[in-house]
Amino acid sequence: MHPVQVEENIRKIKEGDRLLREDFLENNKTFIHKIACKFTRRLLEWGRDDELAVALMALDEAIDRFRADAGVPFPAYARIVILSRLTDHRRRENRSASVEVPLPQQGDESSSAEFSKAWEVYLLETAAREREEEIKEFAELLNGYGVSFEDLVKCSPRHRDTRRSLMLAAAELTKRENLLKEFRVKKKLPLMELENCTGISRKTLERGRKYIIAISLLISRQNDFLHMSSYLRLPVQG
Amino acid sequence: MEERGIVAKIKGKSCIVITPDGEFKKVPLPGSGLTGIGQEITFRKKRGVPYLRHFMVAASMLLVFIFAGRFYLGQAPEASAYMTIDINPSIELAVASDGKVISGSGLNSDGRIIISKIKVKGCALPEAVELIIKQAMADHFLSSEQDNVVLATITFDNGEAAAIDLESVYGAIRESMDTGGLDAEVIIKPVQPEVRQEAIKSGVSTGRFLLLQKSAEKSIQFSGELGTMNLGEMEREKKMSLIHLLQDTDEEDATGIGEEKKNIYDRRGIFVERNNTGSKNIPGADKTQDGKDDIPDNRKLGKDNGKINVNEHDLKNGDEEKDSQRDNSGGKTKDKSNDKDERSGGEQGRNGNR
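Chains as they are written, first to last, in this note's numbering: chain A, 264 to 501; chain B, 4 to 357.
No lab work stands behind these hints: they were computed from the structure.
Please note that the accuracy of each hint is not assured.
[Said to hold, decoys possible] Simulated pairs of lysine-lysine, DSS-like, Cα-Cα distance not exceeding 25 Å: (1) B:Lys14 / A:Lys473; (2) B:Lys124 / A:Lys399; (3) B:Lys12 / A:Lys399; (4) A:Lys417 / B:Lys12; (5) A:Lys417 / B:Lys29; (6) B:Lys103 / B:Lys124; (7) B:Lys14 / A:Lys417; (8) B:Lys29 / A:Lys399; (9) A:Lys473 / B:Lys217; (10) A:Lys417 / A:Lys451; (11) A:Lys417 / A:Lys399; (12) A:Lys450 / A:Lys473; (13) B:Lys124 / A:Lys450; (14) A:Lys473 / B:Lys12; (15) A:Lys449 / A:Lys438; (16) B:Lys16 / A:Lys399; (17) A:Lys417 / B:Lys16.
[Claimed, not checked] Partial chain A-side listing against chain B, Cβ under 8 Å, derived: (18) Glu388; (19) Thr389; (20) Ala391; (21) Ile398; (22) Lys399; (23) Phe412; (24) Glu413; (25) Leu415; (26) Val416; (27) Arg423; (28) Arg426; (29) Met430; (30) Ile478; (31) Tyr494; (32) Leu495; (33) Arg496.
Heads up, the beta-carbon is just placed ideally off N, CA and C, and yes, glycines get one too.
Model the full assembly from the supplied sequences, consistent with the hints where possible.
The structure is reproduced here in structure tokens:
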């Protein structure tokens with residue numbers, strides 16, 4: 264689910280592209296699967312577990328409800344919706360919750376302005392909390408590679424083109440399984456290989472080493488850093 | 004230009020943000036409201052030259068160096084000697100080793116007035132002295148109505164005798180006095196650098212400080228401020244000659260006039276009394292001086308011949324004058340005539356040496 268492509272696709276789907284909607288749901292099954300597994304804390308299987316069906320429906324719902332101007336990227340938005348639905352589902356299953364807190368159903372949004380307002384607040388609060396957690400997690404992850412935000416301030420290239428090429432290098436790194444693996448194990452960039460496959464000079468790579476580390480981590484773990492990776496205009500992958 | 008970014012880290016009053024362009028930036032924390040990590044903020048993009056601050060620092064350093072350099076160059080010939088001149092105005096001249104005046108400064112208010120009216124920088128020392136005397140005359144610090152005293156001290160910074168000869172300074176003073184039709188007691192005395200330091204500390208000119216010292220030795224009390232008093236008035240008040248005060252302090256100068264002329268000359272300076280001792284002060288002073296038994300002969304010598312001093316050089320144009328003065332003073336007292344003989348003997352000796 265690449266942020267830039269996603270938003271474009273969502274727009275098209277909303278305009279009534281049925282086929283694309285099918286495609287989109289199909290393509291994002293892994294995304295749904297991950298979220299649902301994390302939520303239930305067990306390995307789910309398509310066709311066996313209800314949670315996956317609930318999550319898939321939630322994603323479909325998220326497409327319709329998504330508004331680009333809300334300030335929350337679609338993947339993060341979808342995740343919030345999916346998690347809400349899964350919560351609802353669990354309550355129904357357990358019958359422990361006496362009061363349901365359902366999302367306003369499609370179509371009857373107009374019936375309760377108050378409800379949709381509350382949902383909006385909830386959404387933004389959740390998104391903000393998630394973002395904060397994400398950044399903290401990202402900082403910790405970077406720390407493992409010996410990189411801090413201060414370092415990134417110092418070495419992030421001033422020039423947009425330079426940043427772009429470093430981002431491309433990072434994308435290149437994440438695309439190659441073997442390089443990514445090497446990078447994760449050694450916690451060191453395979454600069455030589457990167458130089459060969461991107462054509463960016465060694466000097467530039469060397470200088471932006473920490474920046475490349477940060478961006479590759481962000482790309483390779485996009486699904487964990489939904490907010491951040493959506494916020495950054497990362498180069499199109501693949 | 005406004006920019007947006009997600010706050011990644013907050014540190015004091017600034018925070019690190021991640022912009023949508025993928026740049027990590029350190030920006031000041033927005034003052035309004037509580038900003039937390041993960042929040043999106045807007046901030047102002049820095050304008051202008053990114054390295055403006057560095058440029059400014061470099062430029063200001065450069066300026067400092069330029070000015071300092073200039074100042075330094077101006078002072079490049081370092082002062083090797085200082086001359087102070089006290090009339091009532093006190094003036095100090097810093098003199099380079101080549102005899103040129105580097106700077107002049109007034110040590111009291113009158114001195115500052117005088118120095119502000121003339122330009123001594125770059126002049127040869129005698130010229131500068133002449134200028135000062137002339138200006139002092141113009142401002143009536145020296146006039147025929149009063150007892151004029153010109154007290155000059157000279158301090159050689161490193162102890163070496165620089166290219167300044169007291170004689171030419173004396174000549175300059177004398178000349179300008181003559182053209183103004185005035186006469187004065189002229190004292191030119193070399194002093195030790197330490198004395199000058201002390202004087203600077205106490206805030207008076209070296210000459211005045213010297214007076215203070217000597218008078219303290221002799222337990223003479225000066226009423227009023229030594230720093231501001233007119234020397235002529237002072238003399239009158241105390242009924243004494245400053246020459247005596249200053250002259251009789253060196254101990255080992257009694258002998259060797261002929262042989263070690265140069266040395267003594269350097270050490271002792273030039274002491275010239277007023278020609279027209281119109282007031283009775285000076286003779287009076289003489290008397291007190293003469294009364295003292297322990298004074299070496301040659302000192303008295305210096306005093307009683309109106310214009311001459313023991314260890315003074317032959318003032319080239321002054322021979323005739325001297326003679327006449329000798330005649331004048333010859334009859335004053337008995338012992339003085341004796342002294343005269345002795346003195347002329349000494350002079351002969353000197354001539355013989357030459």
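Okay, the hints, checked on the actual structure:
1. Between Lys14 of chain B and Lys473 of chain A the CA atoms are separated by roughly 21 Å; this keeps the pair inside 25 Å, and the hint holds.
2. For the proposed pair Lys124 of chain B and Lys399 of chain A, the alpha carbon gap of about 72 Å is over 25 Å, so the pair is violated.
3. Simply put, Lys12 of chain B and Lys399 of chain A have alpha-carbon atoms about 9 Å apart, close enough for the 25 Å limit, and the pair holds.
4. With a C-alpha separation of about 14 Å, the suggested pairing of Lys417 of chain A with Lys12 of chain B holds against the 25 Å cut-off.
5. Pair hint Lys417 of chain A plus Lys29 of chain B holds up; C-alpha atoms about 9 Å apart against a cutoff of 25 Å.
6. The suggested pairing of Lys103 of chain B with Lys124 of chain B holds, with an alpha-carbon distance near 8 Å, which does not exceed 25 Å.
7. At most 25 Å may separate the alpha-carbon atoms for a hinted pair to count; Lys14 of chain B and Lys417 of chain A meet this at roughly 15 Å.
8. Taking the CA atoms of Lys29 of chain B and Lys399 of chain A, the gap is near 17 Å; set against the 25 Å cutoff, the hint holds.
9. At most 25 Å may separate the alpha-carbon atoms for a hinted pair to count; Lys473 of chain A and Lys217 of chain B exceed this at roughly 79 Å.
10. Taken as a hint, the Lys417 of chain A and Lys451 of chain A pair is honoured in the structure, with Cα atoms around 19 Å apart against an allowance of 25 Å.
11. A distance of roughly 20 Å separates the Cα atoms of Lys417 of chain A and Lys399 of chain A; the hinted pair therefore holds under the 25 Å criterion.
12. Pair hint Lys450 of chain A plus Lys473 of chain A holds up; C-alpha atoms about 11 Å apart against a cutoff of 25 Å.
13. Proximity of Lys124 of chain B to Lys450 of chain A is assessed by CA-CA distance (about 73 Å); at most 25 Å being required, the pair is judged violated.
14. Among the hinted pairs, Lys473 of chain A with Lys12 of chain B is consistent with the structure: their alpha-carbon atoms are about 17 Å apart, no more than 25 Å.
15. The straight-line distance between the Cα atoms of Lys449 of chain A and Lys438 of chain A is roughly 17 Å, inside the 25 Å bound, and the hint therefore holds.
16. With a C-alpha separation of about 19 Å, the suggested pair Lys16 of chain B and Lys399 of chain A falls inside the 25 Å cut-off, and the hint holds.
17. At most 25 Å may separate the alpha-carbon atoms for a hinted pair to count; Lys417 of chain A and Lys16 of chain B meet this at roughly 18 Å.
18. For Glu388 of chain A, the interface hint is violated, the least distance from its beta-carbon to any beta-carbon of chain B being 11 Å, above 8 Å.
19. Taken as an interface hint, Thr389 of chain A does not check out: its beta carbon lies about 12 Å from the nearest beta carbon of chain B, beyond 8 Å.
20. A cut of 8 Å between beta carbons decides the hint on Ala391 of chain A: the least distance to chain B is about 6 Å, and the hint holds.
21. Interface restraint check for Ile398 of chain A: the shortest CB-CB distance to chain B comes to about 5 Å, inside 8 Å, so the restraint holds.
22. A cut of 8 Å between beta carbons decides the hint on Lys399 of chain A: the least distance to chain B is about 7 Å, and the hint holds.
23. A cut of 8 Å between beta carbons decides the hint on Phe412 of chain A: the least distance to chain B is about 4 Å, and the hint holds.
24. Taking 8 Å as the C-beta contact cut-off toward chain B, the hint placing Glu413 of chain A at the interface holds, the least distance being around 7 Å.
25. Hint status for Leu415 of chain A relative to chain B: holds, with the closest Cβ pair at about 4 Å, below 8 Å.
26. A least Cβ separation of about 5 Å between Val416 of chain A and chain B falls short of the 8 Å threshold, and the interface hint therefore holds.
27. Interface hint at Arg423 of chain A: satisfied, since its Cβ lies 6 Å from the closest Cβ of chain B, which is below the 8 Å cut-off.
28. Given hint, Arg426 of chain A at the interface with chain B, holds; its Cβ is 5 Å from that chain's nearest Cβ, closer than 8 Å.
29. The closest approach between the C-beta of Met430 of chain A and any C-beta of chain B is roughly 6 Å, which is under the 8 Å cut-off, so the hint is satisfied.
30. Proximity of Ile478 of chain A to chain B holds as hinted, the smallest CB-CB distance being about 7 Å (cut-off 8 Å).
31. Taking 8 Å as the C-beta cut-off, the interface hint given for Tyr494 of chain A holds, the closest approach to chain B being about 6 Å.
32. The restraint placing Leu495 of chain A at the interface with chain B holds, with a minimum CB-CB distance near 5 Å, inside the 8 Å limit.
33. A least Cβ separation of about 6 Å between Arg496 of chain A and chain B falls short of the 8 Å threshold, and the interface hint therefore holds.
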